[in-house]
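Engineer: In case you want the letters, here they are:
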Amino acid sequence: DQQVKQNSPSLSVQEGRISILNCDYTNSMFDYFLWYKKYPAEGPTFLISISSIKDKNEDGRFTVFLNKSAKHLSLHIVPSQPGDSAVYFCAAKSNFGNEKLTFGTGTRLTIIP
Amino acid sequence: NAGVTQTPKFRILKIGQSMTLQCAQDMNHNYMYWYRQDPGMGLKLIYYSVGAGITDKGEVPNGYNVSRSTTEDFPLRLELAAPSQTSVYFCASSYSKGTGGFFGPGTRLTVL
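Just so you know, the sequences run in chain order A and B. 216 is the number of the first residue of the first sequence in this note's numbering; add one for each residue after it. 1235 is the number of the first residue of the second sequence in this note's numbering; add one for each residue after it.
These are computed hints drawn from the structure, not numbers from a lab. Fair warning: there could be bad hints in the mix.
What the hints assert, rightly or not - In silico DSSO-like cross-links for lysine-lysine, where the CA-CA straight-line distance does not exceed 27 Å:
hint, chain 1, residue 1, chain 2, residue 2
1, B, LYS1243, B, LYS1278
2, B, LYS1291, A, LYS315
3, B, LYS1291, A, LYS253
4, A, LYS315, A, LYS253
5, A, LYS220, A, LYS286
6, B, LYS1243, A, LYS253
7, B, LYS1278, A, LYS315
8, A, LYS253, A, LYS271
9, B, LYS1248, B, LYS1278
10, A, LYS286, A, LYS269
11, A, LYS315, A, LYS220
12, A, LYS220, B, LYS1278
13, A, LYS253, A, LYS286
14, A, LYS220, B, LYS1291
15, A, LYS315, B, LYS1243
16, A, LYS269, A, LYS283
17, A, LYS286, B, LYS1278
18, A, LYS271, B, LYS1243
19, A, LYS283, A, LYS315
20, A, LYS220, A, LYS283
21, B, LYS1248, B, LYS1291
22, A, LYS220, A, LYS253
23, B, LYS1291, B, LYS1243
24, A, LYS271, A, LYS283
25, A, LYS220, A, LYS271
26, A, LYS283, A, LYS253
27, B, LYS1278, B, LYS1291
28, A, LYS315, A, LYS269
29, A, LYS283, B, LYS1278
30, A, LYS286, A, LYS271
Predicted, not measured: the structure shown is a model, and the values here were computed from it.
Starting from the given sequences, assemble the full structure and let the hints guide the process.
Structural biologist: And the structure:
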């Protein structure tokens, strides 16, 4: 039962354009969402997060949008740079229960120079 | 700061062997975690700890054990290795609940 879904395994975007990575979730108890970036042979790096009390959070070139009614979040990267090429994971957690983060399967983003 | 370090980077085990994956952090974080990532999948939580002496099971704890005798170290023990434990293992730490945290570089384990 995949509670966090990233339906696009891969995405290619021209350098300088906007990259939009999508994530859907099914568990209505999730109230905190995170995005991670992962390069090959390295551990994930935390990028940005959003609480369910917000619908947008921005940090430099990265913006995360949350649509609770649709159970959907997206990560926007503007402008996209070659160094953004990586696998991006979204993750979700609930304030109830333990510390478990539920991860999606990832989207491989390739920025084309 | 070294951040989160993991040893070894790679290991091949035979079925039934045991080993300990080491994890250490030098950021004085209370929260530490062990995840595994199987090919094409997201990370799954094995065990976590909210402080020295306190550990709890995550989503996939079977076949593993942990201990947390100090704030810095959080070793993961595999007893009786099985092919299903072939995976990449990541250790992570965070300073508070719900924050993004820092991940180590991972240990790639193959059980043959």
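Engineer: Work down the list of hints and note, for each, if the structure agrees.
Structural biologist: Now the hints, each set against the structure:
Between B/LYS1243 and B/LYS1278 the CA atoms are separated by roughly 19 Å; this keeps the pair inside 27 Å, and the hint holds. For the suggested pair B/LYS1291 and A/LYS315, the alpha carbons sit about 9 Å apart, so the restraint of at most 27 Å is met. Using a Cα cut-off of 27 Å, the hinted pair B/LYS1291 and A/LYS253 holds, with the two alpha carbons roughly 25 Å apart. The suggested pairing of A/LYS315 with A/LYS253 holds, with an alpha-carbon distance near 19 Å, which does not exceed 27 Å.
For the given pair, A/LYS220 sits about 11 Å from A/LYS286 by alpha-carbon distance, which is consistent with the 27 Å threshold. The suggested pairing of B/LYS1243 with A/LYS253 holds, with an alpha-carbon distance near 17 Å, which does not exceed 27 Å. For the hint linking B/LYS1278 to A/LYS315, the alpha-carbon distance of about 9 Å falls within 27 Å, and the restraint holds. For the proposed pair A/LYS253 and A/LYS271, the alpha carbon gap of about 23 Å is at most 27 Å, so the pair holds.
In summary, the hint linking B/LYS1248 to B/LYS1278 is supported, as the alpha carbons are separated by about 23 Å, within the 27 Å threshold. Restraint check for A/LYS286 and A/LYS269: satisfied, since their Cα atoms lie roughly 13 Å apart, inside the 27 Å limit. Of the pairs offered as hints, the one joining A/LYS315 and A/LYS220 holds, with about 16 Å between alpha carbons and a cut-off of 27 Å not exceeded. Between A/LYS220 and B/LYS1278, the direct Cα distance comes to roughly 14 Å. Compliance with the 27 Å bound is thereby established for this hinted pair.
Of the supplied pair hints, the one linking A/LYS253 and A/LYS286 holds, its CA atoms being roughly 24 Å apart against a limit of 27 Å. Simply put, A/LYS220 and B/LYS1291 have alpha-carbon atoms about 23 Å apart, close enough for the 27 Å limit, and the pair holds. Restraint check for A/LYS315 and B/LYS1243: satisfied, since their Cα atoms lie roughly 25 Å apart, inside the 27 Å limit. The suggested pairing of A/LYS269 with A/LYS283 holds, with an alpha-carbon distance near 9 Å, which does not exceed 27 Å.
As the CA atoms of A/LYS286 and B/LYS1278 are separated by approximately 21 Å, the hinted pair is consistent with the 27 Å bound. Pair hint A/LYS271 plus B/LYS1243 does not hold up; C-alpha atoms about 38 Å apart against a cutoff of 27 Å. With a C-alpha separation of about 20 Å, the suggested pair A/LYS283 and A/LYS315 falls inside the 27 Å cut-off, and the hint holds. Between A/LYS220 and A/LYS283, the direct Cα distance comes to roughly 15 Å. Compliance with the 27 Å bound is thereby established for this hinted pair.
For the suggested pair B/LYS1248 and B/LYS1291, the alpha carbons sit about 25 Å apart, so the restraint of at most 27 Å is met. Distance restraint check for A/LYS220 and A/LYS253: the Cα-Cα separation of roughly 17 Å lies within the 27 Å cut-off, and the hinted pair is therefore satisfied. A C-alpha spacing of about 24 Å is found between B/LYS1291 and B/LYS1243, which places the hinted pair at or below 27 Å, so the restraint holds. Between A/LYS271 and A/LYS283 the alpha-carbon distance is near 11 Å, which keeps this suggested pair within the 27 Å criterion.
Of the supplied pair hints, the one linking A/LYS220 and A/LYS271 holds, its CA atoms being roughly 20 Å apart against a limit of 27 Å. As the CA atoms of A/LYS283 and A/LYS253 are separated by approximately 26 Å, the hinted pair is consistent with the 27 Å bound. Using a Cα cut-off of 27 Å, the hinted pair B/LYS1278 and B/LYS1291 holds, with the two alpha carbons roughly 11 Å apart. A C-alpha spacing of about 21 Å is found between A/LYS315 and A/LYS269, which places the hinted pair at or below 27 Å, so the restraint holds.
For a cut-off of 27 Å, the pair hint linking A/LYS283 to B/LYS1278 stands: about 24 Å separates their Cα positions. Only pairs whose Cα atoms come within 27 Å are accepted, and A/LYS286 paired with A/LYS271 is accepted, the gap being roughly 14 Å.
Going down the numbered hints, you'll see the structure goes against just number 18.
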